[in-house]
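Colleague: Below are the chains, spelled out letter by letter.
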Amino acid sequence: MEGQLVVTREESLTGASSDYVRAARAKVDDAYRLAGYLLGDATEAQDAVQDALVKAWRNWPSLRQQESFGPWFDRIVVNVCRDRMRRHRTLRMVDLEAAGQVESADTFAAMLEGDRVGSAVARLRPDHRIVIALRFWRDMSLEQVAETLDLPLGTVKSRLHYALRALGAELEGNDR
Amino acid sequence: MDEMETTELEQLLRNSVAGHRPAAPDALMEFIETVATRERRSSPISRILEVRTARRGILGLAAAAAVVVALVGSAALMSSRRPSVPAAESLPTSDGWAWQATDGTLYTTALAVPKGFIATCGHNSGQTMVDETLCSSPDGLHWSVPADPAIVSVEGTDPFLPSGLLVRDGTYLMVSLPLSGEHQGLATTLWRSTDGVHWSVVTRTPELAQTEFHLASVASDGFLAVGTRNVGGPPTEEMLISADGLTWSKVGDMPYDVAVVGGPGESWGAGPSSFYVAGPRPGGTGIGAWMTTDGRNWQDVSLPAGYTQVQPVALPSGGYLGVGSSYDGALPNRTISSTDGLAWELDPSAPEGSADALFVVGDRLVANVSAKPYEGPYAVLQSLDWGKSWKPLLDLSGQPVSGSARPLGGGGRLEIAGADTIVHWVLTPVKPDPAASPVASATAAVSATPSESEAPSATPAPTPTISADPTPLPTSLTGEWTWRPTDGTHFASAFAVPGGFVATCGHIAGNELADASLCSSPDGLNWTVPADPALIVVPASGQFWPIHVTERNGVYLAFALSRPLPTVADPIASLWRSTDGRHWSQVDSPALAGQSLTSAGLLAGGFAAIAKSADGTAAAVWLSTDGSTWSKAGDLPTVPTRSGFYSQGLYVEGNEATRSQVGTWLTTDGKQWTPVTLPAGATNILSSIRMPDGGFVGLGVDFVSGGNGTLMHSSDGLVWEADHTTPAGNLFSLSQVGDRLVVTISQPNNDGPYSVWQSSDRGQTWQPLPGPDGYQLTTMTGQLGDNLSSVTGSDAVVVAVGTLNSR
Numbered sequence: 353m354e355g356q357l358v359v360t361r362e363e364s365l366t367g368a369s370s371d372y373v374r375a376a377r378a379k380v381d382d383a384y385r386l387a388g389y390l391l392g393d394a395t396e397a398q399d400a401v402q403d404a405l406v407k408a409w410r411n412w413p414s415l416r417q418q419e420s421f422g423p424w425f426d427r428i429v430v431n432v433c434r435d436r437m438r439r440h441r442t443l444r445m446v447d448l449e450a451a452g453q454v455e456s457a458d459t460f461a462a463m464l465e466g467d468r469v470g471s472a473v474a475r476l477r478p479d480h481r482i483v484i485a486l487r488f489w490r491d492m493s494l495e496q497v498a499e500t501l502d503l504p505l506g507t508v509k510s511r512l513h514y515a516l517r518a519l520g521a522e523l524e525g526n527d528r
Numbered sequence: 051m052d053e054m055e056t057t058e059l060e061q062l063l064r065n066s067v068a069g070h071r072p073a074a075p076d077a078l079m080e081f082i083e084t085v086a087t088r089e090r091r092s093s094p095i096s097r098i099l100e101v102r103t104a105r106r107g108i109l110g111l112a113a114a115a116a117v118v119v120a121l122v123g124s125a126a127l128m129s130s131r132r133p134s135v136p137a138a139e140s141l142p143t144s145d146g147w148a149w150q151a152t153d154g155t156l157y158t159t160a161l162a163v164p165k166g167f168i169a170t171c172g173h174n175s176g177q178t179m180v181d182e183t184l185c186s187s188p189d190g191l192h193w194s195v196p197a198d199p200a201i202v203s204v205e206g207t208d209p210f211l212p213s214g215l216l217v218r219d220g221t222y223l224m225v226s227l228p229l230s231g232e233h234q235g236l237a238t239t240l241w242r243s244t245d246g247v248h249w250s251v252v253t254r255t256p257e258l259a260q261t262e263f264h265l266a267s268v269a270s271d272g273f274l275a276v277g278t279r280n281v282g283g284p285p286t287e288e289m290l291i292s293a294d295g296l297t298w299s300k301v302g303d304m305p306y307d308v309a310v311v312g313g314p315g316e317s318w319g320a321g322p323s324s325f326y327v328a329g330p331r332p333g334g335t336g337i338g339a340w341m342t343t344d345g346r347n348w349q350d351v352s353l354p355a356g357y358t359q360v361q362p363v364a365l366p367s368g369g370y371l372g373v374g375s376s377y378d379g380a381l382p383n384r385t386i387s388s389t390d391g392l393a394w395e396l397d398p399s400a401p402e403g404s405a406d407a408l409f410v411v412g413d414r415l416v417a418n419v420s421a422k423p424y425e426g427p428y429a430v431l432q433s434l435d436w437g438k439s440w441k442p443l444l445d446l447s448g449q450p451v452s453g454s455a456r457p458l459g460g461g462g463r464l465e466i467a468g469a470d471t472i473v474h475w476v477l478t479p480v481k482p483d484p485a486a487s488p489v490a491s492a493t494a495a496v497s498a499t500p501s502e503s504e505a506p507s508a509t510p511a512p513t514p515t516i517s518a519d520p521t522p523l524p525t526s527l528t529g530e531w532t533w534r535p536t537d538g539t540h541f542a543s544a545f546a547v548p549g550g551f552v553a554t555c556g557h558i559a560g561n562e563l564a565d566a567s568l569c570s571s572p573d574g575l576n577w578t579v580p581a582d583p584a585l586i587v588v589p590a591s592g593q594f595w596p597i598h599v600t601e602r603n604g605v606y607l608a609f610a611l612s613r614p615l616p617t618v619a620d621p622i623a624s625l626w627r628s629t630d631g632r633h634w635s636q637v638d639s640p641a642l643a644g645q646s647l648t649s650a651g652l653l654a655g656g657f658a659a660i661a662k663s664a665d666g667t668a669a670a671v672w673l674s675t676d677g678s679t680w681s682k683a684g685d686l687p688t689v690p691t692r693s694g695f696y697s698q699g700l701y702v703e704g705n706e707a708t709r710s711q712v713g714t715w716l717t718t719d720g721k722q723w724t725p726v727t728l729p730a731g732a733t734n735i736l737s738s739i740r741m742p743d744g745g746f747v748g749l750g751v752d753f754v755s756g757g758n759g760t761l762m763h764s765s766d767g768l769v770w771e772a773d774h775t776t777p778a779g780n781l782f783s784l785s786q787v788g789d790r791l792v793v794t795i796s797q798p799n800n801d802g803p804y805s806v807w808q809s810s811d812r813g814q815t816w817q818p819l820p821g822p823d824g825y826q827l828t829t830m831t832g833q834l835g836d837n838l839s840s841v842t843g844s845d846a847v848v849v850a851v852g853t854l855n856s857r
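Residue numbers (my numbering), protein chains in the order written: chain Y, 353 to 528; chain W, 51 to 857.
Keep in mind that a hint or two might mislead.
In silico contact screen, one side only, chain W against chain Y (beta carbon under 8 Å); selected entries [to be verified]:
id, residue
1, Leu59
2, Leu62
3, Glu83
Sample of chain Y residues with no beta-carbon within 12 Å of chain W, all distances over it, derived [said to hold, decoys possible]:
id, residue
4, Arg434
5, Asp479
6, Leu505
7, Gly506
8, Arg511
In short, the hints are calculated from the structure, not lab data. Beta carbons are placed, not taken as given, at the ideal position from N, Cα and C, and that holds for glycine.
Using the sequences plus the hints, can you model the full thing?
Modeller: Here's what the structure looks like:
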């Protein structure tokens with residue numbers, strides 16, 4: 353051991369709690385909006401961000417580049433939302449918003465259901481919704497989208513192309 | 051779709067979000083604070099779900115329940131009964147059990163009551179339990195000390211220390227039996243309740259004050275108890291009966307000779323509605339055993355030759371199994387069987403060894419077996435065919451469980467205690483995985499987890515679905531681990547000093563470490579809080595919370611913080627120096643004034659520290675030979691996001707976030723820097739260990755993918771290659787203990803459950819590391835010296851420290 357102690361992961365957590373709180377507070381508005389755009393429901397968005405906050409805290413030791421919290425946290429939020437969107441295909445049969453109980457107070461629901469573009473996006477498959485939300489609703493560059501999704505830039509470009517094409521088809525179908 | 055259409059579509063999309071940029075609700079902001087107070091490796095989901103449930107409110111719960119009911123039916127009933135209890139399926143499982151770590155509280159005899167569980171909680175002081183306090187739990191997993199009055203409320207000031215419980219027609223009787231601590235020696239008292247929550251003492255009436263009650267069983271016409279009087283004159287024992295628990299009358303005599311002094315003592319054992327006793331036959335004709343169901347009439351019990359007592363268990367499948375024992379311990383305790391509860395014989399399927407305890411837990415039998423009667427270590431066995439076959443109960447890493455097992459409450463849960471009698475795990479039977487095997491699939495429908503308060507049903511016994519035997523430990527690793535459980539104290543940043551070890555101890559409370567104190571140990575196993583002044587004299591400033599301590603040529607250098615971790619406030623880092631490891635003074639170096647220290651360690655034959663400029667745009671290495679006088683060696687190639695001192699030198703890492711150089715560099719002198727090459731799947735070096743035959747083994751972490759770790763090796767510390775030899779999972783930590791490497795494996799993204807493995811061949815092959823008796827080895831952290839490590843439970847509280855003596 354040469355007279356020194358091994359530096360463990362726990363020992364490197366200087367000010368972990370405070371750093372985490374500071375980083376999360378700075379990004380939670382963005383995360384909440386991203387989740388809302390993807391899920392179309394304020395309560396769902398809040399739950400998703402909670403899940404993401406838990407995951408981020410549990411994995412905080414692995415994030416030793418704290419300044420990169422934003423993209424890292426965005427990726428977690430996207431993954432949580434993707435899971436929720438997939439689950440919704442089977443579970444959304446007795447949901448609150450379907451009964452209209454929270455619709456009027458939900459800005460995300462209003463956006464996705466009250467706007468023909470938003471409602472068309474809501475009908476896209478999850479991966480297409482995600483790339484559109486990041487690119488146009490979160491105003492990310494293509495490079496930032498690639499970083500967030502951990503995908504090659506070329507894949508992001510092609511996915512966005514197909515997403516827009518699918519959106520166009522949705523809108524045309526809606527307009528007919 | 052042409053370019054024009056695309057542009058229009060993009061504009062439509064950007065317009066559609068206008069006016070829909072709400073801020074996050076305040077509850078989310080509060081949740082950030084909440085989640086940061088949780089220990090990272092606790093079972094946070096269950097606890098955090100409680101927070102979320104509270105936020106959603108009744109409307110949200112109703113909607114959620116509606117969805118659940120529509121989809122899974124009866125599962126919603128469980129949720130509504132105890133909404134805050136995590137489902138067994140959310141806990142880590144192995145071998146047909148869901149595992150929940152406890153907080154290390156010492157508690158005895160947990161009993162099931164209508165609102166949850168009650169027990170006597172306390173602390174372990176040597177071999178004695180102190181601070182005995184009535185405690186409670188809504189679920190058997192999370193305990194409150196003192197007890198929650200919504201679960202148990204006691205009238206008066208008599209000690210209420212649960213020992214036995216009977217229920218009949220809505221009336222609850224409980225005997226308080228002080229066993230140790232300040233209440234030791236006090237008489238037992240009988241308590242009564244009509245709702246299982248509010249209790250009042252019965253035996254303070256003049257008629258009953260001289261009688262000690264020992265609850266027996268429930269007969270058709272009342273509660274049965276043995277009443278003992280030993281107040282002058284010969285002792286008396288008689289069978290008592292009461293319909294309401296208040297008024298008692300003699301119903302019969304004991305069948306054995308209670309006047310025999312110095313003879314073998316009597317023993318009692320209770321079946322569901324029967325009561326067994328053993329003792330000297332009247333007239334001194336040997337030892338007999340008897341059974342009664344009404345307290346009046348006794349039937350002779352026939353036991354195998356040499357056995358005098360039985361602790362029976364009625365099987366849901368019919369018949370009885372029991373633990374047969376001899377009063378003088380001449381024979382090992384054995385599992386015995388009977389079809390009628392009266393004629394017993396040695397059970398041909400009895401497990402080897404001394405079966406010291408036997409009980410039903412849910413849909414199975416559990417036995418505690420030892421080499422000698424009532425002498426640990428105990429193996430925990432289970433049988434899914436009601437005693438026809440037995441297999442070791444395997445823990446989360448596939449190792450046989452060792453520890454004292456008891457049914458928790460009514461028998462739907464199992465608690466596992468270590469040699470210190472601290473319960474470290476509570477287990478709940480889980481349904482077999484239908485996908486695991488055709489056999490399991492066929493039985494899944496009838497083996498649902500029973501309620502902890504339910505008696506075993508007559509459901510047919512599931513076919514055994516025990517997994518394969520664990521991999522035996524290799525013979526090449528001959529070192530023996532010695533474990534000593536701790537008392538649940540949060541325990542961090544341990545380092546060696548002359549004559550022992552020093553660490554930071556305390557208890558997590560919110561965002562802070564409450565009761566933080568330096569603590570010490572002469573051997574790393576036995577700890578004293580606060581620290582023994584013979585080992586370390588704590589500076590009066592209160593700003594000395596060491597994180598890393600290094601030593602060279604008799605000089606000690608500590609990188610310390612102004613507040614103990616974890617803390618919400620921004621701690622100030624400082625350097626401290628000592629020439630004996632005991633007395634410490636803060637380094638006051640003009641050269642480092644105004645800079646922000648980030649780490650310190652050994653480098654280039656002396657001490658080194660990294661400091662950032664006041665504006666955070668530059669960083670440099672500073673060197674010192676004596677820890678007092680510091681001089682700048684050179685600038686860093688990047689403003690580091692992380693640095694690590696290892697035997698081969700100092701690594702620093704930078705990334706885009708700091709608008710600086712990206713990459714990892716190594717220096718051996720603080721002046722010259724060489725880029726480091728890491729394998730695919732690793733972006734950072736988290737630990738590096740020099741191997742005895744040269745070269746290094748390290749832990750590389752892939753930050754980009756979320757923190758998953760990889761074992762890697764290097765001949766020079768500069769070029770690293772990945773090894774893929776560790777067991778499946780994410781490599782969470784790597785450390786060296788004695789002659790071996792120890793790794794912790796987690797699920798992807800550092801989720802539990804964890805398993806700990808050891809290797810003696812540079813990480814080429816790995817074997818499970820056996821944990822201390824009675825609980826699961828989860829994470830090896832906080833290396834305390836060459837041969838000493840601490841073990842962290844899933845709640846991030848250190849549960850044990852262990853030494854390795856290599857041969």
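Colleague: Indicate, hint by hint, whether the structure satisfies it.
Modeller: Evaluation of the provided hints:
Using the Cβ-Cβ criterion of 8 Å, the hint placing leucine 59 (chain W) at the interface with chain Y is satisfied: the shortest such distance is roughly 6 Å. At a threshold of 8 Å, the smallest CB-CB gap from leucine 62 (chain W) to chain Y is about 5 Å, leaving the interface hint in force. Interface restraint check: glutamate 83 (chain W) against chain Y, minimum CB-CB distance 6 Å, threshold 8 Å, status holds. No beta-carbon of chain W comes within 12 Å of the beta-carbon of arginine 434 (chain Y); the shortest separation is about 14 Å.
The Cβ of aspartate 479 (chain Y) lies farther than 12 Å from every Cβ of chain W, with a closest approach of about 16 Å, so its non-interface assignment holds. Every beta carbon of chain W lies more than 12 Å from that of leucine 505 (chain Y), the smallest distance being close to 15 Å; the non-interface claim holds. At the 12 Å boundary, the C-beta of glycine 506 (chain Y) stays outside the reach of chain W, the nearest C-beta of that chain being 17 Å off. The Cβ of arginine 511 (chain Y) sits about 14 Å from the closest Cβ of chain W, beyond the 12 Å cut-off, so the non-interface label holds.
Going through the hint list in order, the structure satisfies each hint without exception.
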